[in-house]
Amino acid sequence: MGAAHSASEEVRELEGKTGFSSEQIEQLHRRFKQLSGDQPTIRNLRKGPSGLADEINFEDFLTIMSYFRPIDTTLGEEQVELSRKEKLRFLFHMYDSDSDGRITLEEYRNVVEELLSGNPHIEKESARSIADGAMMEAASVCVGQMEPDQVYEGITFEDFLKIWQGIDIETKMHVRFLNMETIALCH
1 MGAAHSASEE VRELEGKTGF SSEQIEQLHR RFKQLSGDQP TIRNLRKGPS GLADEINFED
61 FLTIMSYFRP IDTTLGEEQV ELSRKEKLRF LFHMYDSDSD GRITLEEYRN VVEELLSGNP
121 HIEKESARSI ADGAMMEAAS VCVGQMEPDQ VYEGITFEDF LKIWQGIDIE TKMHVRFLNM
181 ETIALCH
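Heads up, the sequence shown is in full-length UniProt numbering, so the first residue is 1 and it goes up one at a time.
Hints should not be assumed to be uniformly reliable.
Stated by the list, open to error - Straight-line alpha carbon distances no greater than 25 Å define the calculated DMTMM-like cross-link-like pairs of lysine to aspartate or glutamate that follow:
| # | residue 1 | residue 2 |
| --- | --- | --- |
| 1 | Lys-85 | Glu-153 |
| 2 | Lys-33 | Glu-59 |
| 3 | Lys-87 | Glu-137 |
| 4 | Lys-87 | Glu-123 |
| 5 | Lys-162 | Glu-147 |
| 6 | Lys-87 | Glu-114 |
| 7 | Lys-87 | Glu-77 |
| 8 | Lys-85 | Glu-13 |
| 9 | Lys-124 | Glu-113 |
| 10 | Lys-17 | Asp-60 |
| 11 | Lys-33 | Glu-10 |
| 12 | Lys-87 | Asp-100 |
| 13 | Lys-124 | Glu-158 |
| 14 | Lys-17 | Glu-78 |
| 15 | Lys-162 | Glu-106 |
| 16 | Lys-85 | Glu-158 |
| 17 | Lys-124 | Glu-147 |
Stated by the list, open to error - Simulated restraints, written as ranges between beta carbons of each label pair:
| # | residue 1 | residue 2 | range |
| --- | --- | --- | --- |
| 18 | Gly-101 | Glu-125 | 42 to 52 Å |
| 19 | Arg-30 | Thr-156 | 33 to 43 Å |
| 20 | Gln-39 | Gly-19 | 39 to 49 Å |
| 21 | Glu-15 | Gln-150 | 41 to 51 Å |
Calculated from the structure, these hints are not laboratory results. All figures in this text were calculated on a predicted structure; none of them were measured in a lab. Note that the Cβ used here is the ideal one computed from N, Cα and C, for glycine as well.
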């Protein structure tokens, strides 16, 4: 009884910490076990402000996934804006690999190259060009017209918020829970 009681306490604690329901935590645990090969950790995933993590456990996995939880629209406008900022801060830290508060061109290139590396039709030089173009666009949005000798040091979090202004983060960054039994019935 003691073990079952502590397991339910742990689930309640995770619910409070992440905002997921116990059913969603169960689904995510099944997915975690698939990704980890039934091991206690998953290797080589990107983790928050510390950059690359060699391994993450289930609690780390839930914390990361909580950033992809749909924003509760029943919250007040201020809370919705706070949730949006939290999602964007998490995304910002994915790019800012050295955690210095600025996404440099080199950091942005690394992320773009990593994201496009699975596409056999896009060469490394093309990925670099895409990153360079996006960084120039960011500079024009955040700084405006730059002088020829002016250097854009990189994207700060305030710049990042400007870039994402007016873009629906909810459609770009969310997790959906599917009822697999319902899907099976549809086939």
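Hint check results:
{"no.": "1", "hint": "Lys-85 - Glu-153", "result": "holds (22 Å)"}
{"no.": "2", "hint": "Lys-33 - Glu-59", "result": "holds (12 Å)"}
{"no.": "3", "hint": "Lys-87 - Glu-137", "result": "holds (22 Å)"}
{"no.": "4", "hint": "Lys-87 - Glu-123", "result": "violated (30 Å)"}
{"no.": "5", "hint": "Lys-162 - Glu-147", "result": "holds (21 Å)"}
{"no.": "6", "hint": "Lys-87 - Glu-114", "result": "holds (21 Å)"}
{"no.": "7", "hint": "Lys-87 - Glu-77", "result": "holds (16 Å)"}
{"no.": "8", "hint": "Lys-85 - Glu-13", "result": "holds (24 Å)"}
{"no.": "9", "hint": "Lys-124 - Glu-113", "result": "holds (7 Å)"}
{"no.": "10", "hint": "Lys-17 - Asp-60", "result": "holds (11 Å)"}
{"no.": "11", "hint": "Lys-33 - Glu-10", "result": "holds (18 Å)"}
{"no.": "12", "hint": "Lys-87 - Asp-100", "result": "holds (18 Å)"}
{"no.": "13", "hint": "Lys-124 - Glu-158", "result": "violated (29 Å)"}
{"no.": "14", "hint": "Lys-17 - Glu-78", "result": "holds (20 Å)"}
{"no.": "15", "hint": "Lys-162 - Glu-106", "result": "holds (21 Å)"}
{"no.": "16", "hint": "Lys-85 - Glu-158", "result": "holds (10 Å)"}
{"no.": "17", "hint": "Lys-124 - Glu-147", "result": "violated (29 Å)"}
{"no.": "18", "hint": "Gly-101 - Glu-125: 42 to 52 Å", "result": "violated (29 Å)"}
{"no.": "19", "hint": "Arg-30 - Thr-156: 33 to 43 Å", "result": "holds (39 Å)"}
{"no.": "20", "hint": "Gln-39 - Gly-19: 39 to 49 Å", "result": "violated (26 Å)"}
{"no.": "21", "hint": "Glu-15 - Gln-150: 41 to 51 Å", "result": "holds (49 Å)"}
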